[in-house]
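If you read the protein sequences in the order shown, they are chains A and B.
For the first sequence, the numbering used here begins at 1267 and goes up steadily by one.
For the second sequence, the numbering used here begins at 1267 and goes up steadily by one.
If a hint is listed, it holds; no wrong ones were tucked in.
Since copy identity is lost for identical chains, a pair holds within one copy or between any two.
Listed below are the simulated DSBU-like cross-link pairs for lysine-lysine, each with C-alpha atoms no more than 35 angstroms apart in a straight line:
1. Lys1778 with Lys1755
2. Lys1759 with Lys1778
3. Lys1759 with Lys1812
4. Lys1597 with Lys1778
5. Lys1413 with Lys1343
6. Lys1778 with Lys1735
7. Lys1647 with Lys1735
8. Lys1413 with Lys1549
9. Lys1549 with Lys1597
10. Lys1735 with Lys1812
11. Lys1491 with Lys1597
12. Lys1601 with Lys1549
13. Lys1812 with Lys1755
No lab work stands behind these hints, which were simulated from the structure alone.
Number of protein chains: 2
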Amino acid sequence: MPVYQAPVADTLFVLNDILGWERHGNLPGFSDATPDVVEAILGEAGRFAADVFLPLNQSGDLEGCHRAADGSVTTPKGFREAYAQFREAGWGGLSADPEFGGQGLPHTLAAAVNEFLSSSNMAFAMYPGLTRGAIAAIEHHGAPEQKALYLPKMVDGIWTGTMNLTEPHCGTDLGLLRTRAVPNADGSFAISGQKIFISAGEHDLSENIVHLVLARIEGAPEGVKGISLFIVPKFLPEEDGRPGARNGVSCGSLEEKMGIHGNATCVMNYDGATGWLVGEAHKGLRAMFTMMNEARLGVGVQGLAISEIAYQNAVAYARDRLQGRALAGSKHGEKAADPIIVHPDVRRMLMTIRAVNEAGRALILWTALRGDLAHRAEDPKVREAADDWMGLLTPVIKGVLTDKGFENAVMAQQVYGGHGYVREWGMEQFVRDARIAQIYEGANGIQALDLVGRKLALNGGRAIQAFFKEVGAFCEEHRSNEAMAPFTKSLKKGLNDLQSATMWLMTNAMQKPDNAGAASTDYMHLFGLVALGYMWGRMAHAAQEKLAAGAGDDTSFLENKLVTARFFMDRLMPETAAHLARISSGADSMMALDADAF
Amino acid sequence: MPVYQAPVADTLFVLNDILGWERHGNLPGFSDATPDVVEAILGEAGRFAADVFLPLNQSGDLEGCHRAADGSVTTPKGFREAYAQFREAGWGGLSADPEFGGQGLPHTLAAAVNEFLSSSNMAFAMYPGLTRGAIAAIEHHGAPEQKALYLPKMVDGIWTGTMNLTEPHCGTDLGLLRTRAVPNADGSFAISGQKIFISAGEHDLSENIVHLVLARIEGAPEGVKGISLFIVPKFLPEEDGRPGARNGVSCGSLEEKMGIHGNATCVMNYDGATGWLVGEAHKGLRAMFTMMNEARLGVGVQGLAISEIAYQNAVAYARDRLQGRALAGSKHGEKAADPIIVHPDVRRMLMTIRAVNEAGRALILWTALRGDLAHRAEDPKVREAADDWMGLLTPVIKGVLTDKGFENAVMAQQVYGGHGYVREWGMEQFVRDARIAQIYEGANGIQALDLVGRKLALNGGRAIQAFFKEVGAFCEEHRSNEAMAPFTKSLKKGLNDLQSATMWLMTNAMQKPDNAGAASTDYMHLFGLVALGYMWGRMAHAAQEKLAAGAGDDTSFLENKLVTARFFMDRLMPETAAHLARISSGADSMMALDADAF
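From just these sequences and the hints, can you work out the full model?
Below, the structure written as structure tokens:
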């Protein structure tokens, strides 16, 4: 069975030495999260993940979920008990509003905890993950009485949540959706239609399931401007808030999937189910986006999470498996062969994963902190800048960290040779599970379009200009520091490529939008490399400063950071030039074939 | 259920217009394979693949193989009947020696047919595929009476073959193997030990299974120099050649795998089983390499094959699925939305796969032809040069086309969005099946080491110098041809990068072998891009010549070739520079961490 140890020390390094956690102690929520409290919470979360979630990961994959003839769904053996422990320990409400029973801690901390839980059991972590998204939508767009009715239950976890967007003919293009909402006399609506791919749509973990459903009110405009968001609970709440009569929504079938078998992915049938409008009529998409942005960052975390556990296991195997001898002469003459970690090509795979994971973790926490600042900072300028960063980086984190997460899981599997292909070792599950993160919550091609087609131009390019300025200033600041030069030189080169690509888009995409579409995925990955490289620059600098000050027990941890930073610059940053070359080639050869010619 | 139509026209274009098929008509075997015979055979093979193999692909994956308590194994429903049809039609003996009942046609043709069969059902095509490898080993290294006894049955297909290398503690490093061979009085050996990951190790398709087994004769030297190859049939042949008594070899269990569920991957237990030495004692590795080289090209074909069927289905879906509108304005205003094939990012994925597939097919057939020349050409210089090419390109084809095959299957799956993740559409099976090709027959890291550590230096670098000369001469020849310039310019740039990387290796890897290991995978992929780019150069040139001569009905086929060639140069060739940059960074940051620091 795969092993897992939560990367607590690495997370603390990011929080304390990169984010300067203590500097934000004056913000609401942060005052309770002193460094020692944070350390205790992370340690506890890591143990919980390893002790409670991890043992159910492989068995949950093998068993999957079951739907009975009556439409009820049971989760794999052990999930109910583990979920009860999860609720009891209060993990679901870590960063939720204290008004609704949450602990009000920073979202940044919740993001770190979410990584640990997703590493140890991604399919399981999705149940509370979707609930968090539903909570966010109700919190931001619900009426006070909706908040009062639903949020305490959902924050507690006794009720869970879902997002219902997709229909058989309608995924990315929500304008096509057909689910209907007919007003009832009492102000509620009767919802009818079919939704597919609904994660956690039906299960046995909670006493009620709160579906957030996109539907079209009778007579609403066509397209996305006629879509509204509804709360449709599985059981209609009684006056006292207890679950009452069964609502007209049910699970028609479970999807047979490639992975995340522990999560029940449902076809949900709405047959005149009672629903209540959330926010304004026909403005459902805006509310859904609140939920989706939350979810997209969470999916980026999943990419990192699978990559991390896959890495840890590949390392353990590479240390243990004896095969061949080191090229430069045997390292372990006393053994029948050397452990494969001596081989450069095995190192290449391990170092690549490591270099992405550590920077990915920093980027997620850095971005999550900006998310906290966007809501909690006093200065409106700070809030605006933080919100800009969040908007700009959300598609990058989702798209790039899930693409890399999958590639890394595949690489970690490769370290095992044939043993990676058989189920027993658990590596092929990581590959199957990681794959969905590239697809759901907006396929990665959609993230790239969101970045290039929307986020770049917002507010006259304010966010991207601020990003350029921030990264450029960092390079400039350390230009004359010889120890930093290997890092800032590569980073500056990457930044230049990104700026050139941005210029190219400004010049070529206006009159020919296909040039933007043709560039989008490469642009997103180019952006991702620069953002990750920026994190490596910051981490290298922090490591150097601490080493110079005398780091004691942390010395090798910090020296390893410098090695990994160097590896990132040597081996990953060169890709920025290839991205720029592809982007600059434009859409011509991509679009020239007739659709029938394929 | 996935669709499939064998790419017969594309294969004929390569054979006739790139390889100049008719020019080789004087070679043994080729004289019977006139262009019209070739066309008829390919057409028939394509129909057979689509009609007989394809319908069992998804069902075979779902059902898998079953092992009974007595160790017998049954293949999925329909496999027995389909295999009988396969035998009856004589597909297994297409290029086998007529002395043993084969049709003696060129291996090049067999490679093309193998692509079609592997596309339509890779797990199934492995049964005859492994038999072909075993035939090759016996043909090259077996004694005359072994050939007479086994080959006619194996060519017919009534007996099948396997390769038994791997043991639980021993994969890449065959020197560690423990399976023992004790001489019997009659000249045979008693073989004992356990082999794992044995594809087609036990099944119900054939009346006998001929295991080729690596084992160590009692008292043999340690390491790879003490390994011998044995024939160990499941049933001991009687005097008259009919299968007689059961031998002491049995299937201990079936591996639970990520994919290729239709193929029985067995743990094989040898318990004093009777075996006969093939070739010389302690020279088993050489014989096994004959088999493995055959198999490695076959695995490269699998990479292409899965990529091709995945592409065809992604194209069908992209034409059919309505979602969103073209960026430059709706193309199908009469429909609720445009088919997603209008979107540049969908095109990017489809064109990438296409550009790799068409060049990959050309490279495989080009290399297979050199394989035929190596055996059949009269001029020893021609044979030598052809053999050099084969040796050099085998690891590239295996490593690069299976890495690309997997990436392409993933990309094709991505075109489907969420529908790609559910089993129903069959796309996730292609991903799971394609994955093994990167691992077996020498994991791709081993292919890269074979290329960099062995093939480059052989005969003073004769093969690589000939490759540089051939590709360089092609660029030079068309340098002043304006229509060819876009292609030769990119190709020349790629070739320069490859030559620089080779120089770098020569300068830096001698005194520090880790620099070779650290460069190997990047070098293999750099090589692959240049080899594929060279194929695109040749295809573009052939297309231009034919268009200039008036191509009639073929006009759009040829124009599409030019577009795809352009796309390859725009979008795939830029990667060569990134590979070179990574290679040139050396092994330092890759190897610096202590093994305990990971």
